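In order, the protein sequence lines correspond to chains A, B, C and D. If you read the first sequence in the working numbering, its first letter stands for residue 1, the second for the next number, and so on. If you read the second sequence in the working numbering, its first letter stands for residue 368, the second for the next number, and so on. If you read the third sequence in the working numbering, its first letter stands for residue 735, the second for the next number, and so on. If you read the fourth sequence in the working numbering, its first letter stands for residue 1102, the second for the next number, and so on.
Hints were generated in silico from the structure; no laboratory data involved. The structure presented is a predicted model; accordingly, all values stated were derived computationally and were not measured. Even for Gly, the Cβ is constructed at its ideal location relative to N, Cα and C. Fair warning: there could be bad hints in the mix.
What the hints assert, rightly or not - Here are the simulated lysine-lysine pairs, BS3-like style, with alpha carbons at most 30 Å apart: (1) D:Lys1375 to A:Lys34; (2) C:Lys1008 to D:Lys1185; (3) D:Lys1185 to A:Lys42; (4) A:Lys274 to B:Lys567; (5) D:Lys1417 to C:Lys1051; (6) D:Lys1375 to C:Lys934.
Stated by the list, open to error - Chain C regions said to be covered by chain D (calculated; three or more residues, Cβ under 8 Å): (7) 831-839; (8) 857-871; (9) 938-944; (10) 973-984; (11) 1016-1029; (12) 1033-1045; (13) 1048-1059.
What the hints assert, rightly or not - In silico negatives: residues of chain C with every beta carbon more than 10 Å from chain A: (14) Pro958; (15) Cys1002; (16) Arg1089.
Protein chains: 4
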Amino acid sequence: MKNTFGESVAVTLFGESHGNAIGAILDGMAPGIKVDEAFIAKQMGLRRSVSSLSTARKEADEVQILSGVKDGVTTGTPIALMIKNGDTHSKDYENIRTVARPGHADYTAYCKYHGFSDTRGGGHFSGRITAGLVAAGAIAIAALSELGIRIGTHISKCAGISDRGFEHYNDDIAALGDMDFAVLDTEKSEQMKAEIAKAKAEGDSVGGVLETAVIGLPAGVGEPWFDTLESVLAHGIFAIPAVKGLEFGGGFSLCDMRGSQANDPFVCDGDTVKTATNNNGGILGGISSGMPILFRTAIKPTASIYQSQNTVDFVKKENTELLIHGRHDPAIVHRARVVVDSVTALILCDMLALRFGTDFLKNGGRA
Amino acid sequence: MKNTFGESVAVTLFGESHGNAIGAILDGMAPGIKVDEAFIAKQMGLRRSVSSLSTARKEADEVQILSGVKDGVTTGTPIALMIKNGDTHSKDYENIRTVARPGHADYTAYCKYHGFSDTRGGGHFSGRITAGLVAAGAIAIAALSELGIRIGTHISKCAGISDRGFEHYNDDIAALGDMDFAVLDTEKSEQMKAEIAKAKAEGDSVGGVLETAVIGLPAGVGEPWFDTLESVLAHGIFAIPAVKGLEFGGGFSLCDMRGSQANDPFVCDGDTVKTATNNNGGILGGISSGMPILFRTAIKPTASIYQSQNTVDFVKKENTELLIHGRHDPAIVHRARVVVDSVTALILCDMLALRFGTDFLKNGGRA
Amino acid sequence: MKNTFGESVAVTLFGESHGNAIGAILDGMAPGIKVDEAFIAKQMGLRRSVSSLSTARKEADEVQILSGVKDGVTTGTPIALMIKNGDTHSKDYENIRTVARPGHADYTAYCKYHGFSDTRGGGHFSGRITAGLVAAGAIAIAALSELGIRIGTHISKCAGISDRGFEHYNDDIAALGDMDFAVLDTEKSEQMKAEIAKAKAEGDSVGGVLETAVIGLPAGVGEPWFDTLESVLAHGIFAIPAVKGLEFGGGFSLCDMRGSQANDPFVCDGDTVKTATNNNGGILGGISSGMPILFRTAIKPTASIYQSQNTVDFVKKENTELLIHGRHDPAIVHRARVVVDSVTALILCDMLALRFGTDFLKNGGRA
Amino acid sequence: MKNTFGESVAVTLFGESHGNAIGAILDGMAPGIKVDEAFIAKQMGLRRSVSSLSTARKEADEVQILSGVKDGVTTGTPIALMIKNGDTHSKDYENIRTVARPGHADYTAYCKYHGFSDTRGGGHFSGRITAGLVAAGAIAIAALSELGIRIGTHISKCAGISDRGFEHYNDDIAALGDMDFAVLDTEKSEQMKAEIAKAKAEGDSVGGVLETAVIGLPAGVGEPWFDTLESVLAHGIFAIPAVKGLEFGGGFSLCDMRGSQANDPFVCDGDTVKTATNNNGGILGGISSGMPILFRTAIKPTASIYQSQNTVDFVKKENTELLIHGRHDPAIVHRARVVVDSVTALILCDMLALRFGTDFLKNGGRA
């Protein structure tokens, strides 16, 4: 289905980095949900993250709502979100049409689109396309929040520096809300930023790991086959550019445990069934257990670096070297976190609507 | 879509561990593909892995082809594959209806199915259901092989012991073919088995990491959004029971690299475009590059252990203890590898058919 | 998606007329729905319609439930339904491999499957494949009936003889239930049968029109784009072999009306909104209005006739004549009605589950 | 999937009649297809049909291409098409919020969207939303035309006046191209227009039947289950507002034929397999035969009429009368024909891409 994702609540993306406009169609959201344009703008700002760390490209990224919202609430019909492209320096990219930037999709795009795709700034492969996801995700995040379902992502690791994990979910998620560099231990934040600055000074880039928690999701959401909660989240998360790994709960570390350590013992907390540990990341048999959903996403270092690299001209079939001009971002992990939140929210809206019906997001099952 | 996965080539699963039969419908395979029942049986054997390491359950696992194959070749219409259940000791499981086995889906199944699902042996959540995937996957693996696309998976890590990585893809994949405990370095194989035996003796279990390589896949397969090759593979792989992590190429280790290290430099090998390293696992921008597809799958330790565990009766909402009787498997990682191969093959068949048309699998694009 | 239809409640078909078995996987039905095997058998009987009018093929058509039902109720996981093929006289069909039977799919199947498809008895194109739909549909019909949603189809027209239309929906639908030749005006029934017998005597066949009513469907089901209730029903109904037309409410006759005649005036019946007429067949803007859903399905005359026909050998590219041996059915319209009911029920289950959640079919929205 | 339709080539619609903008995202079109904005504008003009017959609303309907087209050719990535709404007289519709217009979706929209949907001018249910389909369809029509696949639709019947049927497909389809009132027999055209004018003078409206032919479609496209060519076309056609019936080939008239009349005898025309008649409308067993695809679509009379009608206030649950102010269209059948062409073209592009791969539309299978 390519650029459309979701079944009951679905998002469709369009646009190229240096085209006229980018955006998203968000379809299937329940009617009657409040849409707060200031919150959308805030989320867009977190993605843009205009700061000393990031790309010099300065887009207003103003989201125009073309349809689906009336008097500040959703109508139930498709919500078209458009962001005009403004500050495009296309000439920066002119020399890369047939010379592949290492780590980028130039060559694979050529294999698929036979040279017709818009290569300026990465075209439809650009991280800029995630702006549409963030705009749509902001509406999904707000809708979930009304139902008590909250999502938080922090930079678990960047350039070798590790943040602490989630401790008090409510407080931690609340604290992350507005941070443009989302780290739970503020001391680690400064260390990470110093490493990013150092990489930037050396014309290089760094990657990182994002950790996401979702609280308030009811038990019983997901399928044993094939739409396990892990499967659908993974489908969406791996579509985010630069994502190269994903693990739920204990993830890869479970492989070094015994079953007696990895199994999460169940305990009753009054009438609520919980587990004493959460190695399964809130998902058992593909279905939510009511415990916090926990996953970690690996983001590779930004592919664009300011160093000469060995590569090829894939039309001439010749080896060559390339120094990429234009704007560079020494790290995107801090910008990616709001994209991960957005994709997560969109997927959860879809799975809740599939499970409990299309009106659920409005009123949590109440008539 | 629940129990159906794929768009052009799709598989539908059915069955419960202790029901009448389990199986799969494989739809959309090109007509004219040879179906070798002996190869299907061999693959089924790798999954069953009847050995000292594994579950005592002994199923013949004979695959009956009910439709879609005539005179030993595919007809192009749905291939129904049925495996009758025989050796079921349902009484072993009778006492776990409302007492959740830690690490299993009993409680989440209850939240979703309100107590109506078949809980005997895990029911539809059982690893046994993967037998249908393996039967269907055997047909897909053979079809891909005719096109020069080959898949191999080895136990990269088990119980703390690591295997070497892929070195010579062709030879390594060929060597893995028939192994019932697929390890590239045979010395490590013995060490792993010893650890598994030790865990078994202690009534415990171990997990592991599987590493998969695909060679021969043409460049240009996959989508930038949302059906990236990583996304679709992840969707399928995470649907396999006990999978808790997945990484492509360098995966999580990329997070500790600089861009200058992580980027794979392109090089021309005659007229073929390659990369000097393969940190991106053969996928750039969600699309295959022609390099080997590489990914690693984390398998958690078998949830069923022969130890008393703390848990709850989720109907009575009471804490209790549980000692699971019945058959136990101290490790499933060696059995899971053929499931990973099968899911990978089914997904690649689907993506190739979507990209190049429904006849491609038969004749690789030749009329 | 080929042989799978539906999103939340989906059915997958498999099998060939003269293969080992045919059947269906019904996925997504809510847990806890009673499954009455006697009712399934009754519906199978209506489809088979062993009588003087119909094909000589006598299949027991015993439906084996392989999974998804336990202790007589649905588990919520896929319901695999298998019907073994018994009475197959393959030699009857041997000479038609490359000579196209007029009105049949032999030639188009060849264009699609390149000669590999099973051509015996029509293979996967055979009307016999609808047996799987009827088995799955029986479960859907029973589930809807528990919610007060009832479906009835009668032979509106056959061989030039017209039945009366629906007058008292409840009574008419109830009366149709067990009829193996479903006509509301019994006098017309005899006339139709006489015409069918006459066609049979002349080695010929007849077609007909089926009219279907659904009562009890809540208002608000369906989408404005693209999954209008008409669209999804049409998708399913046109998949039934021999269907060549479909109209809702006034259908084609609306084209001769003025808007002032065609518009259905709304009226309040207490607190219930109704329409005085039902020219829109219970659907406005693609969404159910609460009025009875009404549609008419055109069934072409059975393609197999006992007369020599002009045709071609599509491999030799030669004109030739063909006299089809084997069993012939002078009419299928009376057998098709239970197929139409079944497809309608499966689609409504899907649309209700999408609209109101996956538990709705069990308890109509009650917790 | 609601507002998205298609699998390999898909279209997503958005917008409301009186909102900011309407439009469509066309995804999956092959790269390298010429996009002629003048042709798009011409098609938009045929839909708008500003004439004495039609609505007074005068929209420029200028299509802005936001993405997916570069230097006049498709890039292979999503094509976003936006049409700004200009001439909206919202106050004309203010009094109909809770009083249902007979024949319209006001009441069913209320049941689905609980009063939150945009009701101005029909909102998302408006025929105006088809402008997005026409813009996307223009690109599809042009792509098919390059492959020799051409589509033509004429008004087969309007207000009781019948046009002649297709005789010489090539010439007839060519002749229809630019007509804003597409009738093959021009004399009948004047009669139809006179009847429409008469209905308008009486504050009333008329409906009609459209007949569509597709030539040049290769044999072998479509599926036996469930995506028969008829099924998928029906799904799309029935999503067009006001469509209430659809028949292929002989359609409902087949019900009065014998099999010996209805069966189309095959004949060899050199090496080409054809049929002497085309009662099956170019589709056998759900798959194209190479003969012209033929279908007829029933369009109900325009629901908006300038007469007082009985109706209800569905919030107050009271009977009332309604005289609809605002702009009225005494017929839409002549405007709908380009919508039918567009939907047909979009579906055929999807089915060809599914059958022959995503590059087929560019080069007809040539590398």
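Now the hints, each set against the structure:
no.: 1; hint: D:Lys1375 to A:Lys34; in the structure: 59 Å, violated
no.: 2; hint: C:Lys1008 to D:Lys1185; in the structure: 37 Å, violated
no.: 3; hint: D:Lys1185 to A:Lys42; in the structure: 27 Å, holds
no.: 4; hint: A:Lys274 to B:Lys567; in the structure: 28 Å, holds
no.: 5; hint: D:Lys1417 to C:Lys1051; in the structure: 70 Å, violated
no.: 6; hint: D:Lys1375 to C:Lys934; in the structure: 28 Å, holds
no.: 7; hint: 831-839; in the structure: holds (count 5)
no.: 8; hint: 857-871; in the structure: holds (count 3)
no.: 9; hint: 938-944; in the structure: holds (count 6)
no.: 10; hint: 973-984; in the structure: holds (count 10)
no.: 11; hint: 1016-1029; in the structure: holds (count 8)
no.: 12; hint: 1033-1045; in the structure: holds (count 11)
no.: 13; hint: 1048-1059; in the structure: holds (count 4)
no.: 14; hint: Pro958; in the structure: 7 Å, violated
no.: 15; hint: Cys1002; in the structure: 21 Å, holds
no.: 16; hint: Arg1089; in the structure: 6 Å, violated
This entry does not satisfy hints 1, 2, 5, 14 and 16, going by the numbered hints stated previously.
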